[in-house]
Amino acid sequence: MDVILLQLLNGLDKGGAYALIALGLTLIFGTLGVVNFAHGALFMLGAFCAVTFNKFLSLEKVVLDPTKTTAWGTPMEVRTPYVEAYLGDFGAWVLNYSVPMSILLAIPVMLIIGFAMERGLIKHFYNRPHADQILVTFGLAIVLQEIIKSIYGANPIPQLAPSAVSGAADVGAFLGFDPGVIVYPFWRMVYLGFAGLVIAAVFAFLQFTTFGMVVRAGMADRETVGLLGINIERRFTIVFAIAAVVAGVAGVMYTPILPPDYHIGMDFLVLSFVVVVVGGMGSLPGAVAAGFLLGILQSFASMNEVKAILPGIDQIIIYLVAVVILLVRPRGLLGRKGVMES
Amino acid sequence: MTSNPTPTRDLAVFVIFAAAVLTMPIWLAPIGAAYPDLLQKFAIYGLFATGFNLLFGLTGYLSFGHAAFLGVGSYTAVWGFKLLGMNPVPAAAMAIVTSGLFAWLIGYVSLRRSGIYFSILTLAFAQMSYNLAYSVLTPITNGETGLRVLQSDPRIFDTAAQSGGPLVSTLFGIEMSGYPGFYFCATFLILGFLVAQRIFRSPFGTMLRAVKSNQNRMNYTGLNPRPYTLAVFVISGMYAGLAGALLCITDPLAGAERMQWTASGEVVLMTILGGVGTLLGPILGAGIIKYFENIFSAFNEHILQDIFSFLPEALQGPVVSISGLFVGEGWHLTLGVLFMIIVILLPGGIMEGVGRITSMVKGGSRKKHQHQTAPAE
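Read top to bottom, the protein sequences are chains V and X.
With the working numbering applied, the first sequence corresponds to residues 4 to 345, in that order.
With the working numbering applied, the second sequence corresponds to residues 1121 to 1497, in that order.
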């Protein structure tokens, strides 16, 4: 029981990341009808917003302290980040919370990138075949990740979670199991909560605002909405930007769990596409459900007991599930009728 | 070129093509590409792209997992060497058969769906093969280290002289590296081109084009497209397997990174760059990409400074540092940019560009032949 619970928890945070990326992909596909292979790159850009923010904050002032000497006899260098030097305790606090704080940077940056991408590139591909859309966004993903690689290098750059939540919680003891059996890092819990919050916000936005209502109407029948005199394209551009922000903040918050490198996006993209297809092309609840489901399945498949029976299952479980789902339920788990059926 | 194919014209194209391939060491010398390693790559990836184009160009099914067949071909070829000896012919034959079987398995499942679902299914299968090759299948694939031939392997058909000699593939006592290796690959490229040309002109090819243009109508006329698409998928997989085997024949080492999905992306890129659905396009695209990959990755700061030395001092610095992003390590950036430009501006690839220029020269009186790449839906 405790083992199952532990795996469930382990799967949830990865599932959260899948769900967030898949949500954005589905939004874009449902509104613009574009298959965006560059969505993983947006996740990666978000992660590098956090890296940039942290780099910027930890610019250091070097002062020689003549009263102390190092082992070599030279005066000791005292390094203090500028923010700490100027802002004192508040600066130290900001530096400590750099990962969650960089969301503030990531949101405007991702909005601009999303907006520019849609207006500059995707717009011209509405009426082109899906194969062309896949190819051009694939090209864009390569370009984005190579730019990041040339700036930040090819090595993963670890980011630290704020010290208040950097430890691990003994969830098991809390729920009445033996202490020390189910230990779960605080930050993953934060991520899970954050993912839930973002998902809820996106759904609330679509469900309870007039803007969201128009977007939903546009997803269902674009032409009629256009005939009613609504400029649906402009709203879809904003939806694209929102999807980019969702992917970006998902990337920001994921950095303490997995140190980002330039191809982190590609790794997530392939899986997210599988998630979208399993959930049902164009179905938002489907994408979220499938994201968590596949995350949990993957974590169960990496249990030693399971691997002993089916070696290597942890490597392929997601793809295997996708193949089976596509063949027995062509529309995906919660797919709508008439969306990309063939 | 596809506007009015006649048997005589096809024959002429084939003869010119064969002559051009065999004389590559001569006419590529001025641009510095006439050394055997690169020429082998031209031939091998040309073959790979030709096979991919049979599937994507004719039926419109965009496979994102073709590298899996390349990898399977490579592994089979190395196992062929290990078990049967260093003769390239049985290794190549084994690779074709295995990758064909593998393609049949994957195709049987994937071809139940079309459009983007097909792309994702093939991608899923390729990623599965890649992950398995790295983890559980290590006894067969030797995991991260890569599979290579060892002196202690059985190699039952090798003579005593061979088994003591260096571990390179040999045919009739000629080592399959350098120029002999290139001519060996070139032979297969020419054969592959001939087969592709025949398929393009055959009733089978027409049937495949019908799948691309309107599958529904095909169904209504009482034809089942599945056997045709499956057949071409298997053929295409065999081409990839053969290309993988040739990679190992010229250099007997197989690694799992050949199966990664970026490798599948590369072959898509070659085909698109050259021209989807044309016979020569994919080979041209493969050649261009491999050529520039080789040239550009070798560039460094010093070479760039030499090139831009004609510029005034103030301009030289920024120009060198900006163009430095695109060469050497950053070669993939160039590739990505090139790829986007081609898809945006010239969906028919270089062959369409050539077509446009010829029709412009001829006064534009003839109607252009458009190569649209609509997915099969």
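Misleading hints may appear alongside valid ones.
[What the hints assert, rightly or not] Restraint ranges, calculated between C-beta atoms of paired labels, are given here:
1) X/Val1217 - V/Ser305: 44 to 50 Å
2) V/Val186 - X/Trp1224: 56 to 62 Å
3) X/Arg1329 - V/Pro161: 48 to 54 Å
4) V/Gly229 - X/Ile1477: 56 to 62 Å
5) V/Val327 - X/Ala1149: 41 to 47 Å
[To be verified] Taking lysine to aspartate or glutamate and the DMTMM-like style, the derived pairs with C-alpha atoms no more than 25 Å apart in a straight line are:
6) V/Lys126 - V/Glu236
7) X/Lys1482 - X/Asp1130
8) V/Lys310 - X/Glu1413
9) V/Lys310 - V/Glu63
10) V/Lys126 - V/Asp92
11) V/Lys126 - V/Asp224
12) V/Lys310 - X/Asp1157
13) V/Lys152 - V/Glu63
14) V/Lys152 - X/Glu1377
15) V/Lys126 - V/Glu63
16) X/Lys1202 - X/Asp1130
17) V/Lys152 - X/Glu1264
18) V/Lys310 - V/Asp264
19) X/Lys1202 - X/Glu1413
20) V/Lys152 - X/Asp1157
It is worth saying that the hints were derived from the structure and are not from the lab.
A virtual CB, placed ideally from N, CA and C, is assigned to each residue, including glycine.
Structure-based check of each hint:
no.: 1; hint: X/Val1217 - V/Ser305: 44 to 50 Å; verdict: 35 Å, violated
no.: 2; hint: V/Val186 - X/Trp1224: 56 to 62 Å; verdict: 48 Å, violated
no.: 3; hint: X/Arg1329 - V/Pro161: 48 to 54 Å; verdict: 53 Å, holds
no.: 4; hint: V/Gly229 - X/Ile1477: 56 to 62 Å; verdict: 39 Å, violated
no.: 5; hint: V/Val327 - X/Ala1149: 41 to 47 Å; verdict: 54 Å, violated
no.: 6; hint: V/Lys126 - V/Glu236; verdict: 9 Å, holds
no.: 7; hint: X/Lys1482 - X/Asp1130; verdict: 22 Å, holds
no.: 8; hint: V/Lys310 - X/Glu1413; verdict: 41 Å, violated
no.: 9; hint: V/Lys310 - V/Glu63; verdict: 48 Å, violated
no.: 10; hint: V/Lys126 - V/Asp92; verdict: 47 Å, violated
no.: 11; hint: V/Lys126 - V/Asp224; verdict: 19 Å, holds
no.: 12; hint: V/Lys310 - X/Asp1157; verdict: 42 Å, violated
no.: 13; hint: V/Lys152 - V/Glu63; verdict: 24 Å, holds
no.: 14; hint: V/Lys152 - X/Glu1377; verdict: 20 Å, holds
no.: 15; hint: V/Lys126 - V/Glu63; verdict: 43 Å, violated
no.: 16; hint: X/Lys1202 - X/Asp1130; verdict: 41 Å, violated
no.: 17; hint: V/Lys152 - X/Glu1264; verdict: 23 Å, holds
no.: 18; hint: V/Lys310 - V/Asp264; verdict: 29 Å, violated
no.: 19; hint: X/Lys1202 - X/Glu1413; verdict: 31 Å, violated
no.: 20; hint: V/Lys152 - X/Asp1157; verdict: 28 Å, violated
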